[in-house]
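*Asks:* Given next are the chains, with one letter for each unit.
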Amino acid sequence: MNLVRAELERLSARRFVQLMVVLLVLAFGITAATTLAGSHRPTATELAEAQRQAAEERRNLEVIHEQCLARERGVLPPEQADQYYPPNCSEVDPALRERLPVAADYLVGVFTFATEARPLLYFLIAFLVLFGFLVGASYIGADLNSGGVVNLLLWRPRRMTVLGAKLGTLLGGVLALSLVASVVYLGSFWFIGQAAGQPGHLDDQFWRSLGTLWGRGLVLVVLATALGFAIATLGRHTSAALGAVAAYLVVWELGARLVFEILEVARPDQLMLSSHLAAWLTGRAEFWDNQACAGVFDGSCDGFYALTWAPALVVLVTLTAALTAAAFALFRRRDLI
Amino acid sequence: MSAVIEIEGLRKTFHSLRHGRRVAVDGFDLLVEPGQIHGFLGPNGSGKTTTLRALLGLVRADAGRMTVLGARSPEQLPRVSGRVGAIVESPQFFGNFTAHRTLRLLARAGGVPVSRVDEVLTQVGLYDRGHERVKGYSLGMKQRLAVASALLKDPELLILDEPANGLDPAGIREMRDLMRSLAAAGVTVLVSSHILAEIQLICDHVTIISRGRRVAAGRVDEVLAGFDRHEFLVRVAEPARAVELLGAAGLTATAHDDHLTVADVTDPTLVSRTLGEQGLWVGELTPLRPDLESVFLELTGTAGHPGVPRQVDDSVLPDRPTRDGTIDLDAGVGETRGVDA
Ligand SMILES: Nc1ncnc2c1ncn2[C@@H]1O[C@H](COP(=O)(O)OP(=O)(O)OP(=O)(O)O)[C@@H](O)[C@H]1O
Ligand SMILES: [Mg+2]
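Those protein sequences? They're chains A and B, same order as listed. So the first sequence is numbered by this note's numbering: it starts at 1 and just counts up by one. So the second sequence is numbered by this note's numbering: it starts at 1 and just counts up by one.
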């Protein structure tokens, strides 16, 4: 317990951590301020006009769908025949669309929380993932290099305990910061929506989907933090983690992808961590399999395949756990100079 | 009483891809008994720091048996670590923390009352500047902080690797006084240093290492006695004549600029009598005792040759220690490598 308290003090005193927190607050402050400045509460007339436009657009979609169906039945009036309709009318069926136009789409200069919450949360998650990774790597990297670990081990010659306390404190700290940051962040924008914009349609389903994204984001932050810590421990240096990520991106995500394409390997996307990342965060990511439809030209072939969140999570967790275990195993035996 | 530190047959080899194998410690033995102030001497790169690191569980030994306060190292170290204060090769501290905070964190991690922090800062003379960032400390101040961190636990055994590194003359003297007072309070001290006059002043026992192997160990006076050639410095009016007279009396005398030295003198009155009988009055007759420095240079073969730069590993490679525990003081002396004068 004392070890954890000492580590927490050490962690929070790190310049880099402080800098990243300042950056987070700054980024947050600027987005919130500009949003606040550029948004106003819609007047009754604006609202009515926007609702009218949305309703009209919805009606337009209906009309196009009906005309498409009419063409299929061969009863389309000739004056509309030159318009383009897809061969399969379900593509323009409003009932099958992911979302229909709503009033918020036609309100200019009005911040609508319901439509903006997701992108805002994505931004925050991206920042926190980066934060966690960099802090995780630099925390142990700097400590290994500056002899901080050696000093501590002279006091507590239990390597696993010392490293475990460091990782535990780090994960706890980053998670706590992420929790607070995301609650404050979303809370402020919700408040902006209430006070200087409009909340939008906030039903159960909205909150459930936002909550899911939030939870998934936090898991990702924790994984990124552990990964940064593990790679920096393995490489004895902060830059090992940065180098490993850069090398992975260039060699695998770019280089290997190219090679796979040249060799016409099937479904290269499923070998990429970025695909699993997307699948985990969004719940399901679809990729095009350029082999599936080879030789099929009648359009009856569906070349898409999906990665879902559960296997994606297994991949991400296994990778992080394996690297962390390797880091602990190596640290246990390594000469500390 | 059982030994405080016992090392037997310690072996450590470093491997690197570019430079291959480097044997840093090779069958080294060390025995430190309770209450000793034990000097640990050796040329640069002879394996002192590596030995201490292995003893404290920081590097993994390839072979050998080590115990600290009766606990096997490294397996049982956690059992005794609260009683061992150590600094190994000028420890680094986090520059953004003040000395006070650094020590407080260590105290907390080790379960030591935080009130100790001010005590040790006072002890090493950093109390007034204890609330400044370590980044802004001078070399000697950092070294004092390191010593403070070792003292924090109120240890029974203090292991200091070159504690005087960077200390000013007053600091060196304070360090000496500190070690003496700690020893008087019953603390056992193992100290490595290159300041041999200092070691001779404070230590009662020494172990000398050269290229990873032990070349001498024991009480300081006994080690020195082994090198006592019973030499005397003699000042007389006519040195050349004196050499002749002493030679005739069966003594080996050598003339120098303004004095002569006489070796193997068992009875100094023989010198003054021999010369006095011939009307040569002895102005000075001083026994020349070997000091630790000359013994060290001879034992480790690092005395060097004028005008030839000595390389770090140009020192004596002693024979492997004999397993029956006796130490052969002459082991391998003269087997210097590299420099051929
Ligand atoms: N991490 C390492 N990797 C490779 N070789 C090492 C390492 N640490 C020490 N050595 C080698 O081991 C030998 C002993 O080094 P050590 O630091 O123990 O010497 P020392 O007696 O403490 O010297 P000094 O008086 O200069 O402090 C040297 O030859 C050194 O080069
Ligand atoms: Mg050393």
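Source of the hints: derived by calculation from the structure; they are not laboratory data. Worth double-checking, as some hints may not be accurate.
[Said to hold, decoys possible] Over the 12 Å line for every Cβ pair with chain A, so calculated as not near, a few chain B residues:
#1 ALA3
#2 LYS12
#3 LEU17
#4 ASN44
#5 ARG53
#6 GLU89
#7 ARG101
#8 ALA107
#9 ARG180
#10 GLN278
#11 THR302
[As the list claims (entries may be wrong)] Some chain A residues close to chain B (C-beta under 7 Å, calculated; not the full set):
#12 LEU3
#13 ARG41
#14 TRP309
Source: prediction; values computed, not measured. By construction, the Cβ of each residue, glycine as well, lies at the ideal position given by its N, Cα and C atoms.
*Asks:* Give a verdict on every hint.
*Replies:* Results of checking the hints against the structure:
1. ALA3: 20 Å, holds
2. LYS12: 9 Å, violated
3. LEU17: Check passes; 15 Å lies beyond 12 Å.
4. ASN44: Given a closest Cβ separation of 16 Å, the condition holds.
5. ARG53: 7 Å, violated
6. GLU89: Given that some Cβ of chain A is not farther than 12 Å from that of GLU89(B), nearest at about 9 Å, it is violated.
7. ARG101: Since the minimum Cβ distance to chain A is about 8 Å, ARG101(B) lies within 12 Å and the statement is violated.
8. ALA107: Its Cβ does come within 12 Å of chain A, the nearest being 9 Å, so this is violated.
9. ARG180: 24 Å, holds
10. GLN278: 65 Å, holds
11. THR302: 24 Å, holds
12. LEU3: This hint holds: LEU3(A) lies near chain B, its Cβ roughly 5 Å from the closest one there, short of 7 Å.
13. ARG41: 47 Å, violated
14. TRP309: Because about 40 Å separates TRP309(A) from the closest Cβ in chain B, which is outside the 7 Å limit, the hint is violated.
Hint compliance for this structure: hints 2, 5, 6, 7, 8, 13, 14 are broken, all remaining hints hold.
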